[in-house]
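Numbering (the working numbering), first residue to last: 464 to 822.
These aren't lab readings, by the way, just hints derived from the structure by calculation. Keep in mind that this is a model prediction, so the values were computed, not measured. Every residue gets a Cβ at the ideal spot worked out from N, C-alpha and C, and that includes glycine. Among the hints, a few may not be true.
[Said to hold, decoys possible] With a straight-line Cα cutoff of 35 Å, these simulated DSBU-like cross-link-like pairs (lysine-lysine) come out:
| id | residue 1 | residue 2 |
| --- | --- | --- |
| 1 | 715 | 787 |
| 2 | 696 | 523 |
| 3 | 677 | 523 |
| 4 | 604 | 542 |
| 5 | 573 | 750 |
| 6 | 528 | 573 |
| 7 | 609 | 794 |
[To be verified] The calculated label-pair distances, taken between Cβ atoms and stated as ranges, are:
| id | residue 1 | residue 2 | range |
| --- | --- | --- | --- |
| 8 | 579 | 775 | 28 to 34 Å |
| 9 | 665 | 615 | 33 to 39 Å |
| 10 | 794 | 588 | 35 to 41 Å |
| 11 | 784 | 712 | 26 to 32 Å |
| 12 | 563 | 616 | 39 to 45 Å |
| 13 | 628 | 755 | 20 to 26 Å |
| 14 | 531 | 592 | 25 to 31 Å |
| 15 | 675 | 526 | 14 to 20 Å |
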Amino acid sequence: TRFELDNKRPPSVAEFKEAFDLAAGRAKPEEKKPEEKPLGFFAVYHLFTGEMGVTNNWTKSTYTKFSSLKAHLKNYNKKLTLEGFDKATFAGFVAHLQTKVRQLNTTVAKNVGFLRWFLRWAAANGYYTGLAHLQYRPRFKGLDCKEVIYLEWDELIHFLNFEFPANKPSLPAVRDVFCFCCFTGLRNSDVAKLRRSDIHREQTPPFMSIVTKKTTARLHIELNKYALALLDKYEGVGLPNDKALPVISNVKMNENLHEAAEVAGIDEPVNIVSYVGSERSEVVVPKYSVLTTHAGRRTFIVNALRLGIPAPVIMEWTGHSDFKAMKPYIKIVNDAKVENMERFNSFGSNRSTTDEGEK
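I would like the entire structure built from these sequences, with the hints used as guidance.
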């Protein structure tokens with residue numbers, strides 16, 4: 464009778480037995496467990512970086528990027544919750560990066576991508592039920608205006624053959640490592656790992672085989688005469704751990720590279736355009752001041768494209784997996800083609816002037 468009054472229906476056999484046992488004292492009512500509090504925003508973020516770091520084999524620099532993003536999120540609002548993280552919250556965080564932190568739009572766009580990745584993971588794992596990662600799609604000015612810093616072929620050969628003063632003993636080795644990147648497409652971090660045992664001179668043509676640090680892909684790169692000459696230069700030098708070239712830390716490398724390029728006269732004006740929000744900044748600087756180790760890889764790609772080597776072949780050497788990363792370099796080469804084609808427009812007029820002079 465009690466069951467019927469409470470439930471507005473007669474009990475089933477099983478329900479009757481359960482109710483009878485409770486009424487007769489044969490069983491105790493189950494205690495309701497207190498509802499577990501959902502994990503906080505930053506606790507879930509910690510789970511995300513832990514899982515993704517192991518799954519994707521993150522490098523130290525990737526962990527640093529996500530740690531920096533976490534610090535920016537805490538500075539924006541240390542009481543963030545996943546329940547309250549909506550489109551407006553996302554937009555507010557972006558505004559914080561632009562107005563308070565004064566990050567360039569290129570950097571903000573990267574952080575937006577990282578944060579969206581985290582929210583997608585949180586949603587897929589049941590921690591987040593919002594839609595901010597789907598609804599908020601900001602557009603940033605100036606993402607395509609970043610200057611690609613590289614050496615023209617004439618600059619590269621000049622730098623390769625430049626005789627540094629005797630009072631600059633550390634600069635030739637820095638120059639050599641950078642030029643090796645220019646002739647092979649390797650990152651500085653991969654040249655640092657390159658061992659003499661990775662070089663196969665006995666083959667025709669000679670090549671090197673190396674597993675890259677960033678992507679863990681094995682690259683098979685044929686060696687041209689310039690790269691071989693640089694390796695020969697250090698063949699008899701006793702470098703530690705069987706290293707092929709005298710590579711120093713990337714930070715020290717960049718510092719010395721700026722100086723080496725300045726001494727060698729790599730000072731072509733470079734126009735650097737950047738955006739913070741909608742604010743445009745433009746400054747002209749000498750090329751040596753913005754030359755970094757990664758410019759060696761860019762130099763290799765641009766000059767290879769100018770030689771007419773197909774992009775898929777270059778990607779086999781550099782380890783690029785799609786054409787997206789190649790677009791900036793292809794654009795540079797296409798612009799150069801347009802400039803050279805313009806020469807035909809003046810060819811006829813120059814010829815006519817010359818012919819008239821001869822007459």
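Do the hints match the structure? See the list:
With a C-alpha separation of about 30 Å, the suggested pair residue 715 and residue 787 falls inside the 35 Å cut-off, and the hint holds. Under the criterion of a C-alpha separation no larger than 35 Å, the hint pairing residue 696 with residue 523 is consistent with the structure, at around 32 Å. A hinted pair counts as satisfied when its Cα atoms are at most 35 Å apart, and residue 677 with residue 523 qualifies at roughly 10 Å. Straight-line distance between C-alpha atoms of residue 604 and residue 542 comes to about 30 Å, which keeps the hinted pair within the 35 Å bound.
About 25 Å separates the Cα atoms of residue 573 and residue 750, which keeps this hinted pair within 35 Å; it holds. A threshold of 35 Å between alpha carbons decides the hint, and for residue 528 with residue 573 the separation of about 10 Å falls inside it, so the pair holds. In summary, the hint linking residue 609 to residue 794 is supported, as the alpha carbons are separated by about 12 Å, within the 35 Å threshold. The supplied range of 28 to 34 Å is met by residue 579 and residue 775, whose beta-carbon atoms lie about 30 Å from each other.
For the pair residue 665 and residue 615, the beta carbons lie near 34 Å from each other, so the given range of 33 to 39 Å is met. As the Cβ distance of residue 794 to residue 588 is approximately 39 Å, the hint placing it in 35 to 41 Å holds. Range check, residue 784 to residue 712: Cβ separation about 28 Å, and the 26 to 32 Å hint holds. A C-beta distance of roughly 44 Å is found between residue 563 and residue 616, which places it inside the suggested range of 39 to 45 Å.
Roughly 23 Å separates the CB atoms of residue 628 and residue 755, a value that falls within the hinted 20 to 26 Å. Here the CB-CB span from residue 531 to residue 592 is close to 27 Å, well matched to the stated 25 to 31 Å. Remark: the range hint 14 to 20 Å for residue 675 to residue 526 is upheld by a beta-carbon distance near 18 Å.
Hint compliance for this structure: no hint is broken.
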